[in-house]
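Going down the list, the protein sequences come from chains P and Y.
Just so we're aligned, residue 0 is where the first sequence starts under numbering that gives the first Met the number 0, counting upward by one.
Just so we're aligned, residue 0 is where the second sequence starts under numbering that gives the first Met the number 0, counting upward by one.
Some hints here could point you the wrong way.
For lysine-lysine, the following DSBU-like pairs were computed, each having C-alpha atoms within a straight-line distance of at most 30 Å [as the list claims (entries may be wrong)]:
1. 117(Y) - 20(Y)
2. 21(P) - 20(Y)
3. 91(Y) - 76(P)
4. 91(Y) - 79(P)
5. 20(Y) - 91(Y)
6. 79(P) - 20(Y)
7. 76(P) - 117(Y)
8. 21(P) - 76(P)
9. 91(Y) - 21(P)
10. 166(Y) - 20(Y)
No lab work stands behind these hints: they were computed from the structure.
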Amino acid sequence: MNHPTPIETPPREPGRDAAFQKNLRASIQVFIALLALLVANVAVSYAGLGRSQHIAVALLISTLQAVLAAGVLMHLKSEKRIIRVVLVFTGVFFAGLMVLTMGSFANEVTASHVH
Amino acid sequence: MTVEIPYGVQERPDTGLWNAKLGMWLFLASEVMLFGGLFASYATLRTYAPDWPKGSDFQNIPLGTFNTAVLITSSITMVMGWASLVMGQFGKFRLYMGLTLLLGVLFLGIKATEYRGKFEHYGVTLADGTVVTGHVESQDASRVVLLPDAKGGAAHEPMTLARSQIKRMIVFGPWYNTYLALYFTLTGLHALHLLAGVLVNLYLWGPGSRMWQREPERFTHRVECAGLFWHFVDLVWIFLFPILYLL
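One chain only, chain P, in its complex shape:
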């Protein structure tokens, strides 16, 4: 296969270049943070917490990882407004799905309901 020849970098504004380099450094920091949080999540699983506490802590750590990955690696923190709006709607529907699911736990059909 022929390898394409590298072309010249298009001219970029100096301020934009600096911002790009800053974002790149942030991505590497996030990568290290994601690995550290992974280790933390595994360590918590051996810490002997109660089951509900463990679920809460593990999901909290995972959510933090997700926020970092989406915010920095997927550039969501500097993304255009329309994408954020789409994701807010998605979040609302996702939250609704989970609330309905959890709500069903409080509405169990017991023997006294069955005639």
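With chain P's structure known, arrange chain Y on it following the hints.
Chain Y alone, transformed into the frame defined by chain P:
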């Protein structure tokens, strides 16, 4: 006559986005709902289960942790690949994208090893009602040699069981229990997504990269979209790992 679709490369003035990026985010939003439904199923089935095993009863935690680190690392190599293109360094792009591909294949390979391990693992119910789990070392028409799972530092010697002693013997497939059904469904769907990502990345690393010569900006956009999908697949695993391995 050729008609060029507008805003393939340039940003639309009203949204500030080029087409593919908006399309990719809308697709990812639909993916959130797809996995959301499965997470809701997990929550329901787990809540109503009379008892729920610990992930470590079925999984190798160090291997799962390593595999998660592999996927996280592939996310940063993906970012570096895209950044290399933005900086006009095609050679570096090929290096980082190649690494991303290797890490993706490594993740799938480890996952395949885990799956194979499950299909060599059995839950054996003996005639007296005792349940023993472990790897089957060998078996024939009259007997089964089982290497039981070590529990609490107990002796880990092979057991020879006569067929007449065995009431039931089920492999650790999706039909074994609800936990494994969810494990195979969730990780299987995730692996399919990862496989799709590997195929797209392979195309962009190989034949698709010719576009760099003709339309470097459009090619950079394609890599960015592939990266968004790759990070999303990574993000899904960030939740799957604790719920299936640690909790």
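Quick rundown of the hints versus the structure:
Of the pairs offered as hints, the one joining residue 117(Y) and residue 20(Y) is violated, with about 39 Å between alpha carbons and a cut-off of 30 Å exceeded. Proposed proximity of residue 21(P) and residue 20(Y) is supported: the alpha carbons are some 22 Å apart, at most 30 Å. At most 30 Å may separate the alpha-carbon atoms for a hinted pair to count; residue 91(Y) and residue 76(P) meet this at roughly 26 Å. The straight-line distance between the Cα atoms of residue 91(Y) and residue 79(P) is roughly 28 Å, inside the 30 Å bound, and the hint therefore holds.
For the proposed pair residue 20(Y) and residue 91(Y), the alpha carbon gap of about 23 Å is at most 30 Å, so the pair holds. A threshold of 30 Å between alpha carbons decides the hint, and for residue 79(P) with residue 20(Y) the separation of about 11 Å falls inside it, so the pair holds. About 41 Å separates the Cα atoms of residue 76(P) and residue 117(Y), which puts this hinted pair outside 30 Å; it is violated. For the suggested pair residue 21(P) and residue 76(P), the alpha carbons sit about 13 Å apart, so the restraint of at most 30 Å is met.
The hinted pair formed by residue 91(Y) and residue 21(P) meets the criterion: a straight-line CA distance of about 19 Å does not exceed 30 Å. Straight-line distance between C-alpha atoms of residue 166(Y) and residue 20(Y) comes to about 57 Å, which puts the hinted pair past the 30 Å bound.
The earlier numbered hints that this structure contradicts are 1, 7, 10.
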